[in-house]
Amino acid sequence: MTELPHPNITEINKPFWDGLKNGELLFQECQNGHRWLPASDFCPHCLSSNFKFTKSSGQGKLISWVVYNTAHHPAFQNKVPYNVAIIKLDEGPQLISNILCPNEKLTPDMRLRLTIEQEGETYLAKFFPQLHDNHT
Amino acid sequence: MTNLTQMSGKYVIAGIGQTAFGKLPGRTTISLNVEACKNALDDAGIEKDLVDALLVKTPTSAREFMYGQKLAAAMGMRPKIGGAWDQGGAANIALICNAINSIEAGQCEIALVCYADNPKTGNREHYSRPRGDDSIYGWFSTAAGYAIIQQRHMIEFGTKAQDFGLIAKAARRHGAANPNAQLRKEITIDSYLQSPMQIEPLRRDDCCLVSDGAAAVVIMSAVKARDLGIDYAVPILGLGQGQTSAELTNRQTLTSTEAVVSGKTAFAMAGLQAKDIDVVQIYDCFTIAAMMTLEDYGFCQKGQFGAWAANGYLEIDGGLPFNTSGGLLSETGMPGLQLILEGVKQMRGTANLQVANAKNCLISNQGGTMHTHGTLILGA
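Line order of the protein sequences matches chains E and W.
To convert, note that position 93 of the first sequence is 93 in the numbering used here; the numbers rise steadily by one, no gaps.
To convert, note that position 29 of the second sequence is 29 in the numbering used here; the numbers rise steadily by one, no gaps.
I should point out that these hints are in silico values taken from the structure, not numbers from a laboratory.
Take these hints with a grain of salt, some might be off.
[Stated by the list, open to error] Heads up, simulated DSS-like pairs for lysine-lysine below, C-alpha to C-alpha not over 25 Å straight-line:
id	chain 1	residue 1	chain 2	residue 2
1	E	61	W	38
2	E	55	E	105
3	W	302	E	88
4	E	21	E	79
5	E	52	E	14
6	W	10	W	70
7	E	61	W	160
8	W	302	W	38
9	W	160	E	105
10	E	79	E	55
11	E	126	E	105
12	W	120	W	160
[Unchecked claim] Partner residues are not named here, just some residues of chain E that face chain W (Cβ under 7 Å, in silico):
id	residue
13	7
14	72
15	76
16	82
17	92
18	94
19	95
20	96
21	98
22	106
All figures in this text were calculated on a predicted structure; none of them were measured in a lab.
Heads up, the beta-carbon is just placed ideally off N, CA and C, and yes, glycines get one too.
Chain W extracted, bound-state conformation (with noise of 0.2 Å):
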């Protein structure tokens, strides 16, 4: 059996694509999915012929039924391997670590990994949904569960609601920079503060986009990216997984995330531990989540946020670079696939605000209410 450490930079990202971000009308899951995947086939320069898998994750607002085997037909392909995976956002890093498993294991040779979704231009009820029975309570919407645990946060380390404003400004300072970004408008300290509040804690400037696009990713052995001649493909150091219960109120404690466990196996499978790491991008659908995925991985001790982030340090002349395309709360609120985009164009050195020397990034995506997660650390 191949051990965890044997996989660091066996497998490579050797494409990316993607469509426009922010309002895209008209426009099916399906139709985003096929040209985020031609965009990912020009990127690595190969053919659709060649790509036996085809993994996608379901879109959150629009559920169909045989969503992958409809996208198959969209794209005249009959992959070896394909359909739909529902884990919510940490879904993208799950199918990266499925497509890797299925060729090492001669199941496939070469994925595409997908995601698209149109919630902009069309429905947007999933996110303001009742939750279950409780919705009798007027407990409603995804936002809520984040700000309940932010709140809890807050009690038991009486972290401030600037805090949460550092990770809204370096994300929004990152996304004002970037040409392809959705909201691009830099804020301060103060001005976070003064937006307005949403679902107490919760101010508007914690809430990322939400946003029609697509992304796409093409995942190969680094072996089969030299036979084919592929300049930029991008190496996987690690990966890892983690999940717990759906429900609050049954978890041991609501301030930690699953980040703990996905990290140990990534950081375990890398031979790195986070004072190694160069440049992040982490899953910032709400600042809460960020900022309990950064503490999680050991950047920075529980309660030791605030002033760790202070002055700037997530910021691109900082000393964690963060979210350097803008994240969840700038660039689009597309469930997390647009990190591992930007994590790829870090390590091939071609990114809008580049880190200077970068030799690893590490990109955390995650779902539910922190309910799944998943870490990605590549190499230069």
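If we strip away everything but chain E, and leave its shape as in the complex, we get (with noise of 0.2 Å):
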């Protein structure tokens, strides 16, 4: 089986996998309170170097998704049809990932919980729908 392609962890950028690793997925935010993904050092709003990698919730929602037919790696070839989608954190920043769920269940701003699944060496934020909203 062909190997997944693996990040490119750097100094900057190694405490967001090795929080995967230990199960939190991390965001950072600077002493003025801003917040993001990906891994920076320094805040792409106020250019702060003085920040702190944050556990998110892991709740967010559904922005926006595409459907791969076709496979541009050899590692995606037993995916397909897969998604990729971008969420949205409660805590605020985005990011790029997969839900885990068929494809065709996916709607626009759906509730999503982290997941946190092991490819290999790398550990992956994933998400489910959540079934059940907070109130119901």
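With the hints as a guide, bring both chains together as one complex.
Structure below.
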């Protein structure tokens, strides 16, 4: 089986990838309260380098998605048709991921919750639909 | 300091040149660039020795160090100002703007702006490349970025698949009439809807061509063109640029483009509004890009595109003729310079599908995934 592409782990983004290995999805937050992903060593809003990695609740919503019917990499040949989505975490930052449900069940703004999957040596942040809203 | 509106009409496109479009096996991008530049110089009727700036947009699929200087060497030129510029498809208009600014500042007098690439017979891996670390989620290719924007546009505004088909149908009709177009096959809305899904919601007919080819333009002041006796010089009425975050996840919105910003500058410089425009050449790498650009220029309101563009409004006999040589969807997938060439032909009155009495033409270029944007307004 062909291996998945590997993330390029650097000194800057290592806490993010270590977080997933430890079961936590981390985003960055600077002293001025700006929050962001992907990891960078300066706040993209105020350029502060005084930041911390903060644990996300893992709750979010679906902004948009696509469905691949063909693979652009051998590791995805047995996954098609698969989705790739933009997820907005409740804390603000947005990220690219996969939604673990049949593609035809995807709906705009659907509520999502985090699950962490191990593929090879990499731990990935993926999302399930939340079947029940908090108030139901 | 010269103000924006004083620059309107002060500079011209004095010559245009291109190669054939499509499959050009065995040709390097340098070879293609030289051919297009030679044709542009012949069109202007000037010798290369008069050119003192050579500005080239980086070939998308075959990047090389010191590319601008290699091109100058191949053309036997020693320009005062030269180099390769990378900002994706908006680079053409950026380079024209840079040329004008350099001439205005007295740094040079005549500039060649050119682009060549050979992904059709060469290497097209760029277009299916991994999108950074997110490739671990299967996030690959240029098309996917546009597909995810298209999906969000459909969510926010209820945009229907056939609305995108209106763009493809117009471009394909105009390309079919263009003897130099790479793809000369008209489509209907029905055949558009039946074209195979690529990366959903993108259909095959939403996607531009992959093409070999080159194009070039000669930029100088209107006064210089008059002194040189150049008959076909086309005035640049307006120019503008804009850029946003490269990361789709870090944009405030997915459904607005930098056409808002670049258009504002270009319209202000030209003293024109969308309602004054006679013909448009809009960057249609994917139909969603063209749709959002037209919305953002103010030709129609967001969410109203389908009603506005219905009944052939964008076609040659419609209210706003669009991509009259076929655009990226039908003429050539070249990133944008061909749209400027077609705008020049419309203003000269020599286009293959000529819009009668067109007094101006608006051209849009954009790059990345709607990351960079340029607007150019030409006059007759």
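Comparing the hints with the structure gives:
1. E:61 to W:38: Distance of about 54 Å is beyond 25 Å: violated.
2. E:55 to E:105: Answer violated: residue 55 of chain E to residue 105 of chain E is near 28 Å, above 25 Å.
3. W:302 to E:88: holds (23 Å)
4. E:21 to E:79: It holds: about 23 Å lies between the C-alpha atoms, which stays within 25 Å.
5. E:52 to E:14: Within the cut-off at roughly 13 Å; holds.
6. W:10 to W:70: Judged against 25 Å, a Cα distance of about 31 Å means the pair is violated.
7. E:61 to W:160: Holds, because 23 Å separates the two Cα atoms, which is no more than 25 Å.
8. W:302 to W:38: violated (43 Å)
9. W:160 to E:105: Roughly 19 Å separates the two Cα atoms, so the pair holds.
10. E:79 to E:55: violated (30 Å)
11. E:126 to E:105: holds (16 Å)
12. W:120 to W:160: violated (31 Å)
13. 7: holds (4 Å)
14. 72: holds (4 Å)
15. 76: Where the cut-off is 7 Å and the nearest Cβ of chain W is about 5 Å from residue 76 of chain E, the hint holds.
16. 82: holds (6 Å)
17. 92: Violated, about 11 Å.
18. 94: With a closest approach of 4 Å, the residue 94 of chain E hint holds.
19. 95: Holds, about 6 Å.
20. 96: With a closest approach of 4 Å, the residue 96 of chain E hint holds.
21. 98: Check passed: Cβ of residue 98 of chain E comes within 5 Å of chain W, closer than 7 Å.
22. 106: violated (9 Å)
Comparing the model with each numbered hint stated earlier shows that hints 1, 2, 6, 8, 10, 12, 17, 22 do not hold.
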